[in-house]
Each structure stands twice: as C-alpha cells, then as structure tokens.
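Trainee: This is what each chain is made of:
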Amino acid sequence: MLEVTDLTKAYGRGAAAQLAVDRVSLNAARGELVSIVGPSGCGKSTLLRCVGGLITPTAGRVVLGGEPVQSVPDGLAVVFQDYGRSLYPWLSVRDNVSLPLRRTTRDRAARRAAADGSLAAVGLPGVGDKYPRQLSGGMQQRVAIARALTAEPILLLMDEPFGSVDAQTREDLEDLILGVRRERGITILLVTHDIDESVYVGDRVIVLTPGPGRVRADLPVRLPEPRDQITTKELPEFVRLRTEVSRLVRRRDDSVVPLESGTGANTES
Amino acid sequence: MRWLWRCVVLFAGIGGWQLWASSVRSSFFPPPSAIVARMYHLWFSGPAAHLFLTPDATGNILPSLGRVLAGLAIATAIAFPLGIALGRSPVITSYLNPLLQFARALPVVTLAPVFIVLFKIGTDMEIATIVFGAIWPILLNTIDGAATVDPQHLETGRAFRLTAWQRLVWVIIPAALPKAFAGFRLSLSLSLILMVFAELVGSSNGIGYEMSTASNSFDMTFLWSTIALLGILGYLLNALLGGAERLVLSWHADRGQD
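Taken in sequence, the protein lines are chains A and B.
Here the first sequence stands for residues 758 to 1026, where the numbers follow my numbering.
Here the second sequence stands for residues -5 to 252, where the numbers follow my numbering.
So here's chain A without its partners, still in its complex pose:
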C-alpha cells in the first residue's frame, strides 16, 4: 500500500547541508498501523512530511497505492501535534471538520452531514457550532482527528498527535485511533516519542537512529486484539517489547548501526 524507498532529506545545499533523514525505507500494508519512534531530532517529522508530499525529499521515492507521491496525494489526511495551531480558530468546529471537502463537494448540506458524522465518530456530537477555543485540548485534538476522517483517507499521518494532552486523555485518544483503524481499515503512520504508545497502538514499531534518521529496527508487535490500556500493558510480551524499543531508542551510536529489518530477534545490542 505504502512503500518508501531510500528516502533522504537534506536541508540546505553543499557543505552546509544538514541531513535530516538518511536512506529510510519502510512499507505499510493496507489497514496497518505503523509506529515510528526515535530520539528527538531524528527526523521523524521530516520523514512524515516527505511521505505526505508536504515537502519534497532530496532523494528516494514514496509510492502510495501504486502511484508515486509528488505532491500531497489524494486520500491523505494529517493530524498534527499542535491542534491549537492546526485547527482554524476563525472557523466553527463544523467548518474546520468539513474543510477537506471544500475542494471536492459543492453541496453544503452534504459537507455538513459528513462533518457531523465525523464528529459523532470521535465522540463529540453536537459541538459543531462551537469554536475550537471553546473546547478543551483533548476535545480539540478529537476535532482534528474528525477532520482527518472527513477526508476519508486511505493513509493517515499522525505527527506526535497526543504529545500535548494529559495522560488520561492520551489513553482515550489512543483507544479512539485503534477503534477508527479497526472500523475503517485506514493505514496509519504514527510518529511518537512515547515508547509505550508506539507499542500499544502499533502493529509494527520502526525505531529510527538519532539524526540523521535511519531505520534501526522494524519490530512486529504481536499483541492480542482488541488492545486494552490495563490488560494489554501487563502482558509479558508488551513489557518485553517496550523494553526492547526503549533500549533501541536510547542507543546513542548513530554511524555504525547495520540496517536491521523484518524481525525483532536480531536487534539486541
């Protein structure tokens, strides 16, 4: 569904060029939720923006559904970390949520119905007429997720989506995303710095090296579905995985790591 091959992104030119992402290859099957973790400054967000066609990679290719990604593709939706800056404060919640349909749907009533449907799907029916600043942070991030759902994406990119909400809200939002993924079969790439989160929501966890980001490991997560904040997190497999991911993230060597991929068995250091 999504194939990223040798993706490289450098900022600047010549000797001053700063390599942010270095030959990253990854793929995601339809309906798969792939977590991407790495230390801060490892180019996670840059990687995500390249995949979404928001910035042009220096080298490498991104193929979504068989089509190479040149600019922002059809069927893409993004949830950014900073809901306060990605929702438009001058638009009502409903107008924010129906924004992705502006280009495609002229029928006002249809846009409205779609927006209200998305809001109901994220557990916020009846807030359409409010303005974003009248909602709590967690609710605003739900609105941002509703907006992404309105686009009916085949690929959803999430850039540290729960980084600015409190722990309880964060767990609720993680479960919301798992539910959405289950119901709609959306492929999700979720960038996070939270190791527990990456394992809890992921079907696979991709660990990046410190900047410039390379793929250090690509670990399958074999945890039973549906996941549960209490029972999943006490499973030995969960604990083993979070420990392994944690160890991989903390490793500071950035130059000599061989590219490890496919299984979690050969990634011990």
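Bear in mind the hints are in silico, worked out from the structure with no lab data behind them.
Please note that a few of the clues may not be correct.
As the list claims (entries may be wrong) - Straight line, CA to CA, 25 angstroms or less: simulated SDA-like cross-link-like pairs of lysine to any residue: (1) B:Lys114 x B:Thr104; (2) A:Lys887 x B:Gln160; (3) A:Lys887 x B:Lys114; (4) A:Lys887 x B:Thr104; (5) A:Lys887 x B:Leu162.
Stated by the list, open to error - Incomplete in silico selection of chain A near chain B, CB under 8 angstroms: (6) Val835; (7) Phe837; (8) Arg842; (9) Pro846; (10) Arg859; (11) Leu892; (12) Asp932; (13) Gly936.
Positions of the beta carbon are idealized from the N, C-alpha and C atoms, including for glycine.
Dock chain B against the given chain A, drawing on the hints supplied.
Mentor: Only chain B this time, still in chain A's reference frame:
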C-alpha cells in the same frame, strides 16, 4: 457596575470644568453648558424630518464625514489587497521596504501644498490628503499580518489540499485580519485629523471650515463647539469600528477592547 463608574467620572470631569469655567469667566474658556447650548443651536435644533439636523449640520458635518469615509474606503481598497499580496511575497516586500518606510515617514501635512497644486482646492484635494495619510497604517499592518500567518495553518491548508484561492480566503485573510483591523483603527483617527487639516487649508464647507470661521471671528464658544463635535465624532466612529471588529473577529481571543 464599571460603566456606572465611568459615567460618574465623565460627569464629574465635565462638572468640574463647568465650575471652574463659570468661576473664572474667561471669554477664552466658555463653560460646557454654553458649548452644549451652542452645539444644539448650531447643529441639532433642526426639524424632526431631518433627524433634528440643521442646514448648518447637513452642510458641514455630513461633507466632512463623507470625506473621512471616502478617504478611508479608498485607502482600504488599495492598502488591504496590496498588503495581503506583499505580505505573501517576502522578497518583493524586502526590496520595497525602504520605499515604504520613506513614504510612510513623510508627514502628510507637508504634502498638502502638492495636493493643492495637483487637485486644486476642494474635495478631491481633501480626500487625497486623507488617503495618503490613512493608507500606511493599513498597508503596513496588513503586510505584517499576512507575512506572519502561522506556518502550521498554511501547512494544514496544503495537507487538506485547499486550492490557492481557498487558502487565501479561508486561511490567509482571516489570519491577517486582526492586525489589519489594528491598522484600520490608527487610520481612522488619522483621517479625522487630516480631514480637519485639509478643510482648514482650503475648503468652502466642513467642520474644519467652520473652525477657521470661528477662529477668524474670535467666536470662542463656536470654536469649542467644533472641537467638542470632533471629539464626539471620533468617539462614535471608534465605537462603530469596535462593534464591527467584535462581529468580524469574534473568534479572536485578544481582540480590541472598547
């Protein structure tokens, strides 16, 4: 309760002035009661069919207001679209900036002689003066507003594939509006000043013309009446703008208060 105290302070101030003016009995400082009586007699004692406006009011206050509004409208029509365009074109703006700063720094009153030559004495000259003064705050503030649109807002627009036109209408213009309004507020008070100035320099009607008549005939109560009228007009226009701002920028948390 706050508005009550405001009224108390306002009336206490006027009352103090009244006491002081009636005790010194200076012909240069008539008491407020005399000014109010004169204002009523001059402008607001007309027939009900004319909203109580006298011919003197319709012949002077309305032309003055018309010039202010025409000048502001022209200045906004030029400055706002230009400001949005320049704000989104940082390279062009950086080249133009010295020119803009120079033009803005020119005291517009010194240009009045030029405008008199260009447009002759009359309404055209007065409006040109107002436009040239009022254009800069709107232009520079709109440039700033359009240039500082949150990059995340722009990226969101691209992520959801809004067209260029939709990004302009739904993202850039709303984001620039609070600063544009701040500029417009400055331009409003500036255009009142320039209106009076242009009418003092050369006009056959208007509030400024009445002021010069009053001053030439040493009619101090008349002169103070025109000054008080200008204050009231400025207050009302500002209040009107504040209302419009609250309506348009209701989403904006720290919008202008008053």
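Trainee: Taking each numbered hint in turn, which are not upheld by the structure, reported in ascending numerical order?
Mentor: The structure breaks hints 3, 4, 11, 12 and 13; every other hint is satisfied.
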